[in-house]
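Chemist: Got chain A; can you put chain B on it based on the hints?
Below, each chain spelled out in residue letters.
There are 2 protein chains.
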Amino acid sequence: MRALLRVPPGEPVDLTAYDTRATPGGPKGKAAGLAATAALGPGLAGLQERLYAASTAGDRRRLLLVLQGMDTSGKGGTVKHVIGHFNPSGCRIQAFKAPTEEERSHPFLWRIAKALPRPGEIGIFDRSHYEDVLIARVRSLAPAAELEARYGEIREFERSLAEDGVTVVKVFLHLSYEEQRDRLLERLDTPEKHWKFNPGDIEERALWPAYREAYELALERCSSAAPWYLVPADRKWYRNWAISTLLAEHLAELDPRYPPGDFDVAECRRRLLAQ
Amino acid sequence: MRALLRVPPGEPVDLTAYDTRATPGGPKGKAAGLAATAALGPGLAGLQERLYAASTAGDRRRLLLVLQGMDTSGKGGTVKHVIGHFNPSGCRIQAFKAPTEEERSHPFLWRIAKALPRPGEIGIFDRSHYEDVLIARVRSLAPAAELEARYGEIREFERSLAEDGVTVVKVFLHLSYEEQRDRLLERLDTPEKHWKFNPGDIEERALWPAYREAYELALERCSSAAPWYLVPADRKWYRNWAISTLLAEHLAELDPRYPPGDFDVAECRRRLLAQ
Chain A
337 MRALLRVPPG
347 EPVDLTAYDT
357 RATPGGPKGK
367 AAGLAATAAL
377 GPGLAGLQER
387 LYAASTAGDR
397 RRLLLVLQGM
407 DTSGKGGTVK
417 HVIGHFNPSG
427 CRIQAFKAPT
437 EEERSHPFLW
447 RIAKALPRPG
457 EIGIFDRSHY
467 EDVLIARVRS
477 LAPAAELEAR
487 YGEIREFERS
497 LAEDGVTVVK
507 VFLHLSYEEQ
517 RDRLLERLDT
527 PEKHWKFNPG
537 DIEERALWPA
547 YREAYELALE
557 RCSSAAPWYL
567 VPADRKWYRN
577 WAISTLLAEH
587 LAELDPRYPP
597 GDFDVAECRR
607 RLLAQ
Chain B
337 MRALLRVPPG
347 EPVDLTAYDT
357 RATPGGPKGK
367 AAGLAATAAL
377 GPGLAGLQER
387 LYAASTAGDR
397 RRLLLVLQGM
407 DTSGKGGTVK
417 HVIGHFNPSG
427 CRIQAFKAPT
437 EEERSHPFLW
447 RIAKALPRPG
457 EIGIFDRSHY
467 EDVLIARVRS
477 LAPAAELEAR
487 YGEIREFERS
497 LAEDGVTVVK
507 VFLHLSYEEQ
517 RDRLLERLDT
527 PEKHWKFNPG
537 DIEERALWPA
547 YREAYELALE
557 RCSSAAPWYL
567 VPADRKWYRN
577 WAISTLLAEH
587 LAELDPRYPP
597 GDFDVAECRR
607 RLLAQ
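Line order of the protein sequences matches chains A and B. Note that this note's numbering has the first sequence beginning at 337, numbered continuously upward. Note that this note's numbering has the second sequence beginning at 337, numbered continuously upward.
Don't read these hints as lab results, they were simulated from the structure. Don't take each hint at face value.
Think about it this way: if two alpha-carbon atoms lie no more than 30 Å apart in a straight line, the pair counts; the simulated DSSO-like pairs of lysine-lysine are [said to hold, decoys possible]:
(1) A:Lys450 with B:Lys450
(2) B:Lys450 with A:Lys433
(3) B:Lys532 with A:Lys450
(4) A:Lys529 with B:Lys416
(5) B:Lys529 with A:Lys416
Just chain A, same shape as in the assembly (with noise of 0.2 Å):
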């Protein structure tokens, strides 16, 4: 799956070529895709606690689950599942909104690195510091030779994770013109999801064009450290068997293993039983 969904490093980018309905690798159909996806919890859970109980042992390693996507692609629904697979006592989870005041008067990696999962944890960002050259790029939130270095120190930023032992899987979630509209019509048509919608959604989906190159040139410029995978979005039966399965994939190869304990068993087994 790694290798099927991720995005060819250092090359230039063309979404409009990848077909958001697609199903790269993935079970035939909804009903084989929702059992698949199923089917990889208690692996995904076992990886989990064997990455926690080696950080009680030392091992400083963790996954960090970077999503991004326009508006309505999943992100939310992403979170929501995969975490279901997890001990969520394990996964550090942060939603990045608009910076606040104190945020933006720091460096934009500030928030980014305060937020960063601990040994052993998974994390998951919903949103992350590309967009600070995705809506600050559109928008032009700060100056071009700023925005222009911010590729740099992503990638730099990310060189660093890698080398505190941090995995870090970055998804793309590919989503449609026409599938994001459908989304926006269905909360609108929904008085219950009125609270989830904004008539700014409107104005941005003016710029989708925008935000495309802005994707593209993130996707091309920083996947020197860590890779981008490209999650074609239109279905979420896919979108959700594709990041559970690159997640098993990746913590597959960490292969983190329980500490023997450091204790003698006889002797703590007698001692309990004489209490």
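Modeler: This is chain B only, laid out in the frame that chain A set:
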């Protein structure tokens, strides 16, 4: 349920008078308990979504579940179970370990205040500020006068939380001495669980009567602003059912409402369809 499990406020508490295997108000048996707990899920998820939605329109209310209990009483298992009902993006989980050097340099409530749920969120504390009158008392980690003063500080703190819209649901997981031994033995007998075992647990267990007394004092002295609920914890299925039910009752009482949209639906629809 609330009335059934609530520790009578301000009265001396005798924990030995409560049966740790009891199932007050609960379904008859494990199978019925599991089914009843699962049936609570959709209602809990709906209430959480409404709570979160309301916060986007300025509602400051939120809920904080505080879990306390002896080692192996099931605090971690409860976190995992409870969060299974909810959208984890709207939850803020914090496990409190022995305080760090930085935390020790601040008043004991400092680290607690930093971890509180934001408006609309559901917070879950695995251990809490009560450790500062539990292990701190049993192990004499602070001068006696300071320990005594903490009960009043906790009452004041919890009163201020209530005034700020935080519903605090405090649960004492009541485990028997015998059940704890069985659970510790099971950890010893399972190599994959050795990382969870600490020989120090045996020493803490030797102080069981002192811990019981410390709990009795905390339950008696700190129930004015937020009541304590005593949940028999020897049966995991009952524990999960009781806490899910407590949360459902408290959230239903808050009765959070989806905020109305502050935009023109027809106009937004028209603009979307024109794009």
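Chemist: Next step is simple, just say for each hint if it's right about the structure.
Modeler: Results for each hint:
Annotation: proposed proximity of lysine 450 (chain A) to lysine 450 (chain B) holds, straight-line Cα distance about 14 Å (limit 30 Å). Between lysine 450 (chain B) and lysine 433 (chain A) the CA atoms are separated by roughly 19 Å; this keeps the pair inside 30 Å, and the hint holds. A hinted pair counts as satisfied when its Cα atoms are at most 30 Å apart, and lysine 532 (chain B) with lysine 450 (chain A) qualifies at roughly 27 Å. As the CA atoms of lysine 529 (chain A) and lysine 416 (chain B) are separated by approximately 28 Å, the hinted pair is consistent with the 30 Å bound.
Only pairs whose Cα atoms come within 30 Å are accepted, and lysine 529 (chain B) paired with lysine 416 (chain A) is accepted, the gap being roughly 28 Å.
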